[in-house]
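Asks: Sequence:
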Amino acid sequence: MSADAEVPTPASRRLVLDHARVVAEQADRHAVTLESMLAILRSIRLDDTAARTMAIDLATTALVGLRMATDQQRTSLLEPVVGAFARLRNDLRPLVRFGDLEVQFVEPPTTGRALPGAVAHAARAIVRSAVLAFVDKGETTKVRIQWDCDGLNLLIGIRDDGQGDLTAKDDSLRPIAERVSALDGTLSVSATPGWGSSLDIRLPLDPPAEPEPLVDAVEFSAREREVLKLVVAGARNNAIAEQLGISGNTVKFHVSNLLRKTGATSRAELAALARS
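Each residue of the sequence shown is one higher than the one before, counting from 1 in this note's numbering.
Note that these hints are calculated values from the structure, not bench results. Only a predicted model underlies this, so the values are computations on that prediction, with no experimental measurement involved. Using N, Cα and C, we set each Cβ at its ideal position, and we do this for glycine too.
With a straight-line Cα cutoff of 20 Å, these simulated EDC-like cross-link-like pairs (lysine to aspartate or glutamate) come out:
1. Lys137 <-> Asp170
2. Lys137 <-> Asp171
3. Lys142 <-> Asp100
4. Lys252 <-> Glu269
Computed beta-carbon distance windows for the label pairs:
5. Arg89 <-> Ala239: 53 to 61 Å
6. Gly65 <-> Val106: 19 to 27 Å
7. Asp206 <-> Ala59: 34 to 42 Å
Start from the sequences and build out the full structure, keeping to the hints where you can.
Replies: See below:
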């Protein structure tokens, strides 16, 4: 980090998180589209001409959807739970229609609380990732997907009829675990050999509050803010003194105050707190 770098703001962190979410969602949609196209092309119920026509239609629809998502911004921060679930069904429809996978959808209550955008996006991404993980194992023929609301949380249940050997440490569940953790939710995995595996996810309907930046949470003087910025950049006391035109003892005084005010026990911990 350069000496003149600013401590990250909540707005900049939010932009980074939103960008990562959009990229992850698009990657999931593309994966479902490709799996659906493969299911169409491999289907023994379709001749070559019909399979090619359906594959082209699917690809065209996916391209139109991608362009619309790129060109348009969402006009609402909330999404009705039934609408979010309907979008999920629509995402998985080609895979269900042309593949060998049977999917049972259990609708959420129509009176359920509207979902914040981040929760709705994450919930759909979680289900898509789970379905693709089951399909990749090549043993699953049926999947049951259920959403429910308890007023405070979105409850997601996903169950397959595979070999029942899925564990929480499975690599295919890592993207799901990361999304759940990002929203302060919980994930549990249970499996019965020969009977299938189940995922139970709880997502709070109110995303976790962002921690207040250190420079806002603690009262610093203007000089202390300048010293803190240079400490975060990795500058030592002599370099800080030279850049700010103050003595080394004055720098030590300011660093001591920064440690006392933040409760940090070292310069490294102080820098880490400022970056977080």
